[in-house]
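Listed in order, the protein sequences are those of chains A and B.
The first sequence: position 287 = 287 (my numbering), numbered continuously.
The second sequence: position 44 = 44 (my numbering), numbered continuously.
Be aware that a few hints might be false.
Quick list of in silico lysine to any residue cross-link-like pairs, SDA-like style, CA-CA up to 25 Å [as the list claims (entries may be wrong)]:
1. B/Lys163 to B/Val14
2. A/Lys235 to B/Glu49
3. B/Lys88 to A/Ile349
4. B/Lys88 to A/Arg339
5. B/Lys88 to B/Asn126
6. B/Lys163 to A/Arg335
7. B/Lys163 to A/Ile349
8. A/Lys235 to B/Val14
FYI, nobody ran anything at the bench for these hints, they're computed from the structure.
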Amino acid sequence: MTSPPTRVSTVTATLAAGRLGVPAVVFFVMSAAAPLTVVAGGATTGYAITGVTGIPVAYLATAAILALFAVGYVAMSRHILNAGAFYTYISRGLGKPAGVAGAMVALLAYNAMQIGLYGGFGAVTSDFFNPRLGLDLGWWVYALVAWAIVAVLGVSRVDLNGLVLAVMLTAEILVAVVFDAVMVSHPADAGLSLATLSPHHLVTAGIGAALVTAITGFVGFEATVVFSEETRDPKRTIARATYIAVVVTGLLYGLSAWAMSVATGPDRIVTAATEDGTELVFNLVLPHVGQGMVTGGHVLFITSLFAALLSFHNTVARYSFALGREGVLPAWLGRTSRRSGAPAAGSLIQTLLALVALIVYAALGADPIVHLFFWVTVTGGLGVLILMTGTSAAVLGYFNRERHGESVWRRRIAPALATALLGVVVWVTLAEFSTLLGVAPASPLRWIFPAVYAVAALVGVGWALILRASNPAVYEAIGLGVHSGATFGATRPPLVDPTHA
Amino acid sequence: MLADDFFRLAHHDVNGRRRLHARAVDIGLAAALIAELLVTRHLEIRDGELVAANRTPPTDAVAHTVLDSVLAELERHSVRTWLLYLEKDARTHVARRLVRSGDLQAVTSRRLLGPVITRYVPTDMNKAAWPWLSLSWRLRERHKLDFPGACLAGFILATGLDKWVLEGAPPAASEYLQYVAAHLWPPMRELLAHTEATIGDAVLAQRT
């Protein structure tokens with residue numbers, strides 16, 4: 001007996017063969033989020049600078065809010081092109097001027113994330129290599145080495161091998177979990193205290209600072225939707241991968257931050273973090289696991305910082321490319337390197353910006369961890385938080401006009417809740433920005449950092465209005481994800497056609 | 001043929017190496033194979049989808065293969081889907097056609113413990129360099145282009161090869177290229193818009 005012949009489309013089958021499944025997408029986005037960077041760098045510095053003990057519960061609360069945000073975000077990603085960029089959502093949901101404002105905020109925020117990481121990388125590598133090599137080089141020397149490597153990789157488009165990233169990520173998570181187990185099994189006098197996980201922290205002073213610190217640690221998870229056209233089952237794969245990434249990172253960050261507070265005692269965590277900085281985790285586990293494991297942890301911390309640097313560099317380059325391609329930014333930003341196909345113009349500009357920032361910080365003698373790593377990355381985190389709030393509102397606006405066959409939970413309830421919660425986080429963050437920076441409440445810095453985004457947004461709106469008046473074709477194409485611009489788009493009579501050939 | 005000339009432009013005239021990153025070459029060649037069938041009116045683009053308009057077998061074997069795969073599909077696919085599908089074999093198809101016509105020579109080499117690599121090396125560098133010479137000169141001199149020449153000009157613009165073809169040329173040459181591309185035969189222009197967008201998406205979806 002033979003079964004009746006079934007005709008499967010060769011085209012569909014061939015294209016499906018190379019597509020991504022859930023684990024691949026999760027690995028790609030989680031390695032960009034660089035867990036060890038957040039655990040050993042973000043959480044400890046967060047304790048030290050904000051002086052807030054509720055960091056662990058803030059990570060868990062953030063994971064919950066972001067999971068809610070992801071419901072509408074992933075639903076809308078199925079219906080739009082260029083789904084990888086927040087500004088696409090905002091222009092489709094809240095209008096093109098808001099979209100361009102979002103694009104400017106995004107460029108600034110991702111640049112801030114990337115440049116701030118150089119501070120962490122420089123400080124951690126100089127502490128690691130200087131004593132071992134008997135050198136006395138400044139943090140900025142190491143940061144410049146990383147900068148040079150990122151600059152070259154950025155234009156030559158050397159993809160980091162997916163398998164290498166997966167192995168590194170797994171090792172990072174393993175090290176974090178082992179360290180957590182060690183810290184939890186060697187508690188301070190307070191014993192296994194759950195104090196830092198208590199929800200009451202969520203309504204106390206300083207929570208805004210803690211929440212935006214937490215959100216900074218999650219930045220990168222939004223990239224799952226970049227792969228929506230490359231997955232086997234776009235409807236399910238992206239949604240699952242996004243939830244898995246949010247839940248796994250949220251639990252890992254919450255657990256690790258809590259484990260530190262157990263090992264030091266909740267009343268001493270801020271003091272200990274202030275004294276030890278990014279060494280805190282390693283110092284806490286050193287007596288129990290031995291030098292080899294701690295050195296391994298350090299190496300992974302460094303590679304994780306580097307992976308994050310490269311990932312955010314590429315994010316900025318791609319953003320510039322997409323905006324150049326749509327004609328929102330000058331068209332030369334939409335060009336690629338001829339041989340490597342990398343978005344070279346965007347990459348070079350990011351490289352240049354980072355160099356200027358590094359030179360300024362080195363010349364001013366500022367602290368790489370406090371003034372560069374923490375201040376600048378959390379400011380980046382604030383920008384991404386603003387973008388997510390706008391995106392969430394845009395999801396509501398988009399589905400308000402048409403249902404696109406999505407359920408009321410995905411179209412209305414989840415995005416409305418997410419918008420409200422993210423809006424509250426933005427509000428308390430701005431109210432407590434002095435706590436976040438660890439400066440006096442009267443310091444002008446508390447306004448200068450957030451004001452940068454207001455300026456960027458205004459520039460964006462202004463630019464959109466100028467485009468509407470001066471170049472309607474480009475204005476119409478904003479957020480559509482395809483270069484429908486001048487060259488091949490418009491209808492013009494042909495000079496020669498095949499009949500004259 | 002269009003795909004042959006684009007292949008010659010996109011590869012070095014002596015050693016046969018790519019002048020453009022791999023995906024742009026592959027997607028460009030896939031588009032060129034579709035373009036050949038648009039010109040012979042075997043295929044048409046309707047609402048962004050590729051449709052067979054004439055079932056008469058084309059004389060060229062590669063064109064025959066491409067048309068067969070369109071005819072074999074029960075449902076229609078977008079131009080972009082076809083570009084992504086044909087991208088996988090387009091370079092080999094065109095290279096083999098040029099081997100059969102004696103223009104290329106397949107050279108296989110094996111690195112130590114590595115896979116066998118086939119490179120296609122031009123047999124006659126003058127012939128291989130001709131499309132570049134002719135197109136570059138015409139664009140720089142703002143000389144009138146015939147239909148195949150204008151199509152080829154559109155292809156270098158859509159794939160990013162124009163930077164190399166017009167290296168060191170005055171801005172007027174670029175403007176002329178833009179003008180030629182904007183006034184292409186409409187089906188060709190639509191195909192090239194999809195080609196440019198598909199190559200752009202390949203840049204955006206890069207995984208790091």
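Now for the hints, and whether the structure bears them out:
1. B/Lys163 to B/Val14: holds, 20 Å
2. A/Lys235 to B/Glu49: holds, 23 Å
3. B/Lys88 to A/Ile349: Violated. B/Lys88 to A/Ile349 sits at ~33 Å, over the 25 Å cutoff.
4. B/Lys88 to A/Arg339: Cα-Cα ~19 Å, so holds.
5. B/Lys88 to B/Asn126: violated, 29 Å
6. B/Lys163 to A/Arg335: holds, 10 Å
7. B/Lys163 to A/Ile349: holds, 19 Å
8. A/Lys235 to B/Val14: Given that 25 Å is the threshold and the Cα spacing comes to 48 Å, the pair is violated.
Of the numbered hints listed earlier, those contradicted by the structure are 3, 5, 8.
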